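Enquirer: Throughout the sequence shown, residue numbering follows UniProt numbering, covering 1 to 403 in sequence.
You may find that some hints are simply not true.
Each pair of labels, with its calculated beta carbon distance range [to be verified]: (1) Asn41 x Thr237: 34 to 42 Å; (2) Gly163 x Tyr136: 13 to 21 Å; (3) Asn66 x Ala186: 42 to 50 Å.
Distance condition first, Cα-Cα at most 20 Å in a straight line; then the derived PhoX-like pairs of lysine-lysine [claimed, not checked]: (4) Lys104 x Lys140; (5) Lys125 x Lys152; (6) Lys143 x Lys174; (7) Lys354 x Lys63; (8) Lys182 x Lys104; (9) Lys182 x Lys169; (10) Lys169 x Lys125; (11) Lys63 x Lys42; (12) Lys124 x Lys152; (13) Lys375 x Lys42; (14) Lys104 x Lys151; (15) Lys270 x Lys375; (16) Lys42 x Lys354; (17) Lys309 x Lys63; (18) Lys182 x Lys143; (19) Lys140 x Lys152; (20) Lys140 x Lys151; (21) Lys140 x Lys182; (22) Lys143 x Lys124; (23) Lys313 x Lys375; (24) Lys169 x Lys151; (25) Lys104 x Lys152; (26) Lys124 x Lys151; (27) Lys63 x Lys37; (28) Lys309 x Lys375; (29) Lys104 x Lys143; (30) Lys37 x Lys375; (31) Lys29 x Lys375; (32) Lys104 x Lys29; (33) Lys152 x Lys174.
Hints are computed from structural coordinates only; laboratory data are not their basis.
On a predicted model such as this, the values are computed, not experimentally measured, just so you know.
Positions of the beta carbon are idealized from the N, C-alpha and C atoms, including for glycine.
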Amino acid sequence: MKKTVAVFACLLLGTPTFLSTAANALDPKGVASVFSKYIENKGLANPSVVVIDEQTGEIVFEKNPNSLRKPASLQKLFTGVAAVNHLQMDQTFTTSLWSGSDSKTVVIQGSRDPWASPYTSTAKKYGRTSLPRFEYYALKTLKELNEGDVKKATIYYSQLFAGDVATLKTLFRKNGVTAVMKPVSAQEAINRSSTLVIDSISPTLEEMLTFALVWSDNVLSERIARIASEAAGNGLTEAGVEATFNELLTSFDLDATQVVVKDASGLSRKNRVTAKQVGDLLIKIRDDEKYAPVVNGLPIGGISGTLQKRFVKTAPNAVGLVKAKTGTLNGTANLAGYVESGEHEYAFVIIADKLPRSYSAGERARAIVDRILGKIAAPFIALFNLDEVENDAEAELVSSDTP
1 MKKTVAVFAC LLLGTPTFLS TAANALDPKG VASVFSKYIE NKGLANPSVV VIDEQTGEIV
61 FEKNPNSLRK PASLQKLFTG VAAVNHLQMD QTFTTSLWSG SDSKTVVIQG SRDPWASPYT
121 STAKKYGRTS LPRFEYYALK TLKELNEGDV KKATIYYSQL FAGDVATLKT LFRKNGVTAV
181 MKPVSAQEAI NRSSTLVIDS ISPTLEEMLT FALVWSDNVL SERIARIASE AAGNGLTEAG
241 VEATFNELLT SFDLDATQVV VKDASGLSRK NRVTAKQVGD LLIKIRDDEK YAPVVNGLPI
301 GGISGTLQKR FVKTAPNAVG LVKAKTGTLN GTANLAGYVE SGEHEYAFVI IADKLPRSYS
361 AGERARAIVD RILGKIAAPF IALFNLDEVE NDAEAELVSS DTP
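Go ahead and model the full structure; you've got the sequences and the hints to work with.
Expert: Printed below as a string of structure tokens:
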């Protein structure tokens, strides 16, 4: 989060010298005091915590920082960084349906589109690649070109995720068609294609990554991570993703020896990470423009995504000042990101994965976390010498009113 400059306040107050201020902003000692006082709340069930001063890189507070814990959707931070490392952020993915060069065949030319959806409603709402639409037009094309006879039809396809192939098979069966789905290489798919029927082009990878982080989309995150893993030379498998994440940490000179990676979405309860590893990663990527898609893609407290309803009632003063990734499983309520406190910004990681497995326990833990951050969060306000900015302000006003 970049600091917010309140020029309006400058003009009103006309302070004789430049100064930076923020009501209730805390220096590192103050932040440490807040965490020391409130993190022991039983509602957090002995969490793993680290807080780091973004400016100096110094640890402000820690509790069980090296304890291996369940990251839940904090895992998506690794997915985001891996995507930036190995993929082009302006990359798009095209899926197209073609009539086949042979009778009773159609061809789906894929590109491992992570944006594909098995649900018509979801596809329409978010403009996603609709698998039901592809099945509908595939069946329609087969019937039109074969006088309604679709028995023993073959659908050749290239570069589709296994889950999408399974979805298409299910959709065909629901329409009474037992079609043969046959995988082929990208070149063979081209060779077997005759006439384009429909196609779908995904948003850019950066846009999809933002969606995955803001809304914590599990399938999308998993697919992006696997595509990144393949680009890294580690393959599309779970083991490949683990290798890619380990290489990621090592490239930042972070310890990867104890990390356990079972998926890229964070759904697995077997994933393990430490608060310190996540915190160190947040510091490493914060001011590197390369990783802006990850940092800028995080939900904002009280404003967007999975944080849209957070802080609004629990800590209203923190709305807009916390940018962080949530991590939720039954019995787990995690949050990791950045909080602004005047001139300071702190990277924080709170992994509360030992909660009772109930909705109320999770809600209680999230409220506690919100209130802790609310005691730290404060906007940055820059006050300038009125004489120094008066002429520029007047010039700007004249310019804006001039036809």
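Enquirer: With reference to the structure, classify each hint as holding or not holding.
Expert: The hints, checked one at a time:
no., hint, result
1, Asn41 x Thr237: 34 to 42 Å, "holds (41 Å)"
2, Gly163 x Tyr136: 13 to 21 Å, "holds (19 Å)"
3, Asn66 x Ala186: 42 to 50 Å, "holds (45 Å)"
4, Lys104 x Lys140, "holds (12 Å)"
5, Lys125 x Lys152, "violated (35 Å)"
6, Lys143 x Lys174, "holds (16 Å)"
7, Lys354 x Lys63, "holds (14 Å)"
8, Lys182 x Lys104, "holds (13 Å)"
9, Lys182 x Lys169, "holds (11 Å)"
10, Lys169 x Lys125, "violated (24 Å)"
11, Lys63 x Lys42, "holds (14 Å)"
12, Lys124 x Lys152, "violated (31 Å)"
13, Lys375 x Lys42, "holds (18 Å)"
14, Lys104 x Lys151, "holds (8 Å)"
15, Lys270 x Lys375, "violated (33 Å)"
16, Lys42 x Lys354, "holds (11 Å)"
17, Lys309 x Lys63, "violated (27 Å)"
18, Lys182 x Lys143, "holds (19 Å)"
19, Lys140 x Lys152, "holds (15 Å)"
20, Lys140 x Lys151, "holds (13 Å)"
21, Lys140 x Lys182, "holds (19 Å)"
22, Lys143 x Lys124, "violated (25 Å)"
23, Lys313 x Lys375, "holds (14 Å)"
24, Lys169 x Lys151, "holds (14 Å)"
25, Lys104 x Lys152, "holds (7 Å)"
26, Lys124 x Lys151, "violated (31 Å)"
27, Lys63 x Lys37, "holds (12 Å)"
28, Lys309 x Lys375, "holds (18 Å)"
29, Lys104 x Lys143, "holds (9 Å)"
30, Lys37 x Lys375, "holds (11 Å)"
31, Lys29 x Lys375, "holds (13 Å)"
32, Lys104 x Lys29, "violated (73 Å)"
33, Lys152 x Lys174, "holds (16 Å)"
Going down the numbered hints, you'll see the structure goes against 5, 10, 12, 15, 17, 22, 26, 32, while the others check out.
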